[in-house]
Amino acid sequence: MPATTVAKLVDTSLCIGCKACEVACQEWNDQEFTLGVFNNTYQTQPDLTPSFWNLIKFNEHVDDGVNSWLMAKYQCMHCADPGCLKACPAPGAIVQLPNGIVDFKQDNCIGCGYCITGCPFDVPRLSPTSKKVYKCSLCSDRVGAGMTPACIRTCPTNCLTFGSRTDLVQLAEIRTAELKEDGFKDAGIYDGPGVGGTNVMYVLKHASEPEKYGLPKDPRIPWTVSLWKGPLKWAANAAFLGTAVGAMLHYLKFGPKETHDDDEVA
Amino acid sequence: MLPVNRRQFLQAGAAVTATAFGFRLEAASAVARELKIARTNQVQSVCPYCAVGCGVVIHTTGERVKNARPTVVHIEGDPDSPVNRGTLCSKGISLKEFVVNDRRLTKPQYRAAGSGEWTDISWDDAIQKIARRIKDTRDKGFQEQDAQGRTVNRLDTLGLIGGCTDTNEINYLLGKFRFGLGILPYENQARL
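So the protein sequences, as listed, match chains Y and X. Going letter by letter, the first sequence gives residues 0 to 265 in numbering that gives the first Met the number 0. Going letter by letter, the second sequence gives residues 0 to 191 in numbering that gives the first Met the number 0.
Errors might be hidden in some of the hints.
Stated by the list, open to error - Derived DSSO-like pairs: lysine-lysine, alpha-carbon spacing no greater than 30 angstroms straight-line:
id : chain 1 : residue 1 : chain 2 : residue 2
1  : X       : Lys95     : Y       : Lys104
2  : Y       : Lys131    : X       : Lys95
3  : Y       : Lys104    : Y       : Lys232
4  : Y       : Lys228    : Y       : Lys104
If you are wondering where the hints come from, they were derived from the structure by calculation, not from laboratory data.
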């Protein structure tokens, strides 16, 4: 039986911006608590860092003169078809577990940063000190032991839920229907179309405009990475093999290279 | 010893080489990370911050280990607590930093009146000082009768504050203590 694909559902309409998930992530992964950067918003800091894998974005939104926040949890999306994995040249540095978690193994990472290019959501961060790339692991250690990820365990509003992907899709549909009843006609689900679906899904009040939440509307693996790891890879393999076969055929047909004594004199 | 001919020797050699170089051993190591709380002792407790009183589970390692100091490695919400059902706020989930912290006070300090300096004192000294002050305050401020001559037996000049982590038993003892001294002003953390 194949392992159940696990998923995380972020119901952005229930997020109160308490940032408990950010702290839980820091605490569980033994990251250093550092001062954030103030940039005139309520966000902890403007962007993810190698030691800060989970950021709540306080997207400011004005609707008919009413200010509101469109909260979005910014972390690894655990794509079904991960661009980072596609771009990674180091064997075993990026793995996709049978339950759908995409995890980075820093022991095997060579620090080339290709995964940063490959990621359609701009998530991996290269550490300038250790020269390795870091991102959310969906607490693969906790999930492996039958526990829920740290951020989900701590969320006080049930904004975050964790479970099998099929269950969470149903839950997301129920929540979307409730939001529509409440007057949010544009409510919907966001699960990263274009990368085969992501295992981090969102319920959005403004589903037709995910850019408002800082989510790309149509995330795609960059065509350079697809070309390089697709056709170009096979072309290069064929060229490599062709060289070897050609050299062998040449040897069989013409024999070894003949050397003359005069060459050495000259 | 088994007789090995040249062909068998070469086959075995090729198999060894293929195992060493031809197969990816990384796949075997592609398992989940090690769980840092896999071998911890777990103790239930109550978050000391606000008045909600969320249940927490404290994970420690090194307990009953000789020549090692037990340390708190992780604190998270207690799923069995009816108050928070395993969740915690951003302050509560950072409790480990509160326990394992260089700047944490681990012994009583005393600042004399008018002084700007805190000095370390022993627990005995601290309890002595507190007891002395309670006794002095009570001797000075205790009222047996009010202005109309009614018996009140009260102490207005001392107050009592309870904390959210106080259990029923502690609160019972605090109540005894309060009525014994005649303290009237009392407050709990829920309204602070």
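Comparing the hints with the structure gives:
Annotation: proposed proximity of X:Lys95 to Y:Lys104 holds, straight-line Cα distance about 26 angstroms (limit 30 angstroms). This hinted pair checks out: Y:Lys131 and X:Lys95 have alpha carbons roughly 27 angstroms apart, not beyond 30 angstroms. A C-alpha spacing of about 24 angstroms is found between Y:Lys104 and Y:Lys232, which places the hinted pair at or below 30 angstroms, so the restraint holds. With a CA separation close to 20 angstroms, the supplied pair Y:Lys228 and Y:Lys104 stays within the 30 angstroms bound.
Comparing the model with each earlier hint shows no violations; every hint is respected.
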